[in-house]
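*Asks:* Each chain is listed here by its residues.
4 protein chains.
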Amino acid sequence: MPTSRLEAFSDGVFAIAITLLVLDIRVPKDPPDGLARALVDQWPNYAAYVVSFLIIGIIWVNHHATFQNVRRVDRPLLFVNLALLLVVAAIPFPTALLAEYLLSSDGAHVAAAVYSAVMLAMSICFVALWAYLARRPELLDGSVGASVARERLRRSSLGIVVYPFTIALAFVSAPLTLAVHFGIALFYVFERVSLEADGSPNQPG
Amino acid sequence: MPTSRLEAFSDGVFAIAITLLVLDIRVPKDPPDGLARALVDQWPNYAAYVVSFLIIGIIWVNHHATFQNVRRVDRPLLFVNLALLLVVAAIPFPTALLAEYLLSSDGAHVAAAVYSAVMLAMSICFVALWAYLARRPELLDGSVGASVARERLRRSSLGIVVYPFTIALAFVSAPLTLAVHFGIALFYVFERVSLEADGSPNQPG
Amino acid sequence: MPTSRLEAFSDGVFAIAITLLVLDIRVPKDPPDGLARALVDQWPNYAAYVVSFLIIGIIWVNHHATFQNVRRVDRPLLFVNLALLLVVAAIPFPTALLAEYLLSSDGAHVAAAVYSAVMLAMSICFVALWAYLARRPELLDGSVGASVARERLRRSSLGIVVYPFTIALAFVSAPLTLAVHFGIALFYVFERVSLEADGSPNQPG
Amino acid sequence: MPTSRLEAFSDGVFAIAITLLVLDIRVPKDPPDGLARALVDQWPNYAAYVVSFLIIGIIWVNHHATFQNVRRVDRPLLFVNLALLLVVAAIPFPTALLAEYLLSSDGAHVAAAVYSAVMLAMSICFVALWAYLARRPELLDGSVGASVARERLRRSSLGIVVYPFTIALAFVSAPLTLAVHFGIALFYVFERVSLEADGSPNQPG
Numbered sequence: 001m002p003t004s005r006l007e008a009f010s011d012g013v014f015a016i017a018i019t020l021l022v023l024d025i026r027v028p029k030d031p032p033d034g035l036a037r038a039l040v041d042q043w044p045n046y047a048a049y050v051v052s053f054l055i056i057g058i059i060w061v062n063h064h065a066t067f068q069n070v071r072r073v074d075r076p077l078l079f080v081n082l083a084l085l086l087v088v089a090a091i092p093f094p095t096a097l098l099a100e101y102l103l104s105s106d107g108a109h110v111a112a113a114v115y116s117a118v119m120l121a122m123s124i125c126f127v128a129l130w131a132y133l134a135r136r137p138e139l140l141d142g143s144v145g146a147s148v149a150r151e152r153l154r155r156s157s158l159g160i161v162v163y164p165f166t167i168a169l170a171f172v173s174a175p176l177t178l179a180v181h182f183g184i185a186l187f188y189v190f191e192r193v194s195l196e197a198d199g200s201p202n203q204p205g
Numbered sequence: 001m002p003t004s005r006l007e008a009f010s011d012g013v014f015a016i017a018i019t020l021l022v023l024d025i026r027v028p029k030d031p032p033d034g035l036a037r038a039l040v041d042q043w044p045n046y047a048a049y050v051v052s053f054l055i056i057g058i059i060w061v062n063h064h065a066t067f068q069n070v071r072r073v074d075r076p077l078l079f080v081n082l083a084l085l086l087v088v089a090a091i092p093f094p095t096a097l098l099a100e101y102l103l104s105s106d107g108a109h110v111a112a113a114v115y116s117a118v119m120l121a122m123s124i125c126f127v128a129l130w131a132y133l134a135r136r137p138e139l140l141d142g143s144v145g146a147s148v149a150r151e152r153l154r155r156s157s158l159g160i161v162v163y164p165f166t167i168a169l170a171f172v173s174a175p176l177t178l179a180v181h182f183g184i185a186l187f188y189v190f191e192r193v194s195l196e197a198d199g200s201p202n203q204p205g
Numbered sequence: 001m002p003t004s005r006l007e008a009f010s011d012g013v014f015a016i017a018i019t020l021l022v023l024d025i026r027v028p029k030d031p032p033d034g035l036a037r038a039l040v041d042q043w044p045n046y047a048a049y050v051v052s053f054l055i056i057g058i059i060w061v062n063h064h065a066t067f068q069n070v071r072r073v074d075r076p077l078l079f080v081n082l083a084l085l086l087v088v089a090a091i092p093f094p095t096a097l098l099a100e101y102l103l104s105s106d107g108a109h110v111a112a113a114v115y116s117a118v119m120l121a122m123s124i125c126f127v128a129l130w131a132y133l134a135r136r137p138e139l140l141d142g143s144v145g146a147s148v149a150r151e152r153l154r155r156s157s158l159g160i161v162v163y164p165f166t167i168a169l170a171f172v173s174a175p176l177t178l179a180v181h182f183g184i185a186l187f188y189v190f191e192r193v194s195l196e197a198d199g200s201p202n203q204p205g
Numbered sequence: 001m002p003t004s005r006l007e008a009f010s011d012g013v014f015a016i017a018i019t020l021l022v023l024d025i026r027v028p029k030d031p032p033d034g035l036a037r038a039l040v041d042q043w044p045n046y047a048a049y050v051v052s053f054l055i056i057g058i059i060w061v062n063h064h065a066t067f068q069n070v071r072r073v074d075r076p077l078l079f080v081n082l083a084l085l086l087v088v089a090a091i092p093f094p095t096a097l098l099a100e101y102l103l104s105s106d107g108a109h110v111a112a113a114v115y116s117a118v119m120l121a122m123s124i125c126f127v128a129l130w131a132y133l134a135r136r137p138e139l140l141d142g143s144v145g146a147s148v149a150r151e152r153l154r155r156s157s158l159g160i161v162v163y164p165f166t167i168a169l170a171f172v173s174a175p176l177t178l179a180v181h182f183g184i185a186l187f188y189v190f191e192r193v194s195l196e197a198d199g200s201p202n203q204p205g
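Protein chains in written order, with my numbering: chain A, 1 to 205; chain B, 1 to 205; chain C, 1 to 205; chain D, 1 to 205.
Warning: the hint list may mix true and false statements.
Said to hold, decoys possible - Cut-off 25 Å, straight-line C-alpha distance, at most; resulting in silico cross-link-like pairs (SDA-like, lysine to any residue):
id	chain 1	residue 1	chain 2	residue 2
1	B	Lys29	B	Leu39
2	D	Lys29	A	Asp30
3	C	Lys29	A	Ala8
Honestly, the hints are just simulated from the structure, not real lab data.
Quick caveat: nothing in here was measured; it's all calculated off a predicted structure.
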């Protein structure tokens, strides 16, 4: 199977998952203190929408950056990618969960921990992708050596170091956990900057 | 990253957001005065569906017209585009909100203001897109000079002048605000006409 | 704009609308006479799902057959197509409405009339598409003359003759109306057969 | 019609159906024993999500493997494919049904039987696809003879032998039925291995 089909299918899943996020922002019904107040009070939904949108957007960018280096797809790679999509397609659920319980006295910690655990699962899938590719360099583009694959594996491993801390942080403060996920997303935006400044010959900017 | 991938992903988000709009038109349950009356009474939902459908359709057309001028995508452009998609994917929410409260004595003004504010945010994203491109003409197609980019920037700036007035208008009349958004959408349809009549050499019609 | 982009966007809307149909088939909650009975009792939902799925599938096939004859897309064609998509994306609503009220003593006639009216609107959009193309043969592929366009216009006009009868029939019997829509869909399947047997040189089968 | 359009449309339906599965995992409201307990208690939803995701993923892979052998699409093939998509797009419903009733004393057997019946329907569509192709080898790629088509037909017929047993098993134990569907999905993963090891010359791994 050429990578183009796998990328097109994955893009479809990313585009749908990112657009389904909005379904968790509900129209307030019969707000007792007026609509304006009810809309302000559901700010956790907007915050969770923005953070999850940014995260899926970055996963999409990283997914493309990954598969630009891949020449052909074999069966195990297909199923590692399917595992990644399974996690990405699930993101609307922890997003809705965290938005619902962010300010709750009871479930906030659990909701934030579930959110962080899903991000950890996503990160593990990326590590599995690069770990497999590092051992099968014949699947990679000619210009990408095994050393580059190992370098990418090391960089993508950052997530499985950082996300367990966010699971622990969830039991301290749920809003802080969401803020940290926002920060990590921004970090990945800038990490991509340095990657591109290093690596990509046709983007010298 | 070539523009084709970014366009395909953006098209996916546009197509999904435009199709999710229908989920806000609900089947009436146990209507006390008969189904026909209940269906007529939810005309705000149909009106909001048509206006938002037309708006997303025009955004899609403008998005393509924009990226036809772009030769390659760098990282800041990618994230400005992601911000635009974040706003477009959110449109089903203000659409449902405005439909629900259009005739309400209480929330109508707030709902119409939120709707207008989301359109302003969308407009700001387009301005940011062209402002960035005007300063980075090397990302543009060879045939498109910096002067064309500045011209497009000026045209797209129209929205950030007009939409604040619709926010103000929201506090006068919500149905009128929706009608004005419909009118603006029709204006953009005809503005595209004049753009094409001016500009595009292979569409002399 | 080349037809390929318009087709890709339209395909996205068709694929999403056809897949959203399933959201109207709900899991029964606390069925008093057991789950099996509750599942059997919601047969109108399955029937409406199958008929609407078949109809959107046929619209998709016809849409492609139409745009295979089109060489380039101008602005009015773009907006006629957007009107068609607006109707197609709305189909999940009349489908849910008809399923909900098919066996109701009260709303069945109205629901079936709405369903038929949406099909009439869809048919009018196809007629508008071909009426426009028949007057602008320069948009058509070289091999397709104005006479072919007029022939296609005449064939597509069939719908605007037939669907008003289904609106009238709705006030006789809603289940019969749904059955007739199923029959019309099957007819279009076979009409395509004869079209292909006539026309398409590379499909001699 | 070239196979590329049919595959793109089918991919869209697969991507949407697989992503809609997550909508059945609901955020618990006011859980009496705490959120953690409520999340653990809805494990049938996660299990059904994973199994259905894997199944649709495998259908997607098999669909591509099938159409890689097809050179052109005629009308009956188009409608057999549409029947397959009708079943795939419906999968979110039996998934939600089985998740809801998996541990119920009353509806579990019926829900598991419906789930199994949908898988049987899917299998029948694949058999119909290959049965048609085996009789029309001129639609197949030059390198694929009628004997290969008959071999594929025999392999795909496995499902219509196995799935009736899962319908019977549903009346013994619903959780066991879900586990068997998970096992069958894994089997198809490995069956694809042997197919690729046999057949595909450019994947010698």
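*Asks:* Does the structure keep C/Lys29 and A/Ala8 at a Cα separation of 25 Å or less?
*Replies:* violated (37 Å)
*Asks:* Please verify whether D/Lys29 and A/Asp30 have alpha carbons no more than 25 Å apart.
*Replies:* holds (19 Å)
*Asks:* Would the pair B/Lys29 and B/Leu39 pass a check requiring their Cα atoms to be no farther apart than 25 Å?
*Replies:* Between B/Lys29 and B/Leu39 the Cα gap is close to 11 Å, so the pair holds against 25 Å.
Of the hints listed earlier, the one the structure fails to meet is number 3.
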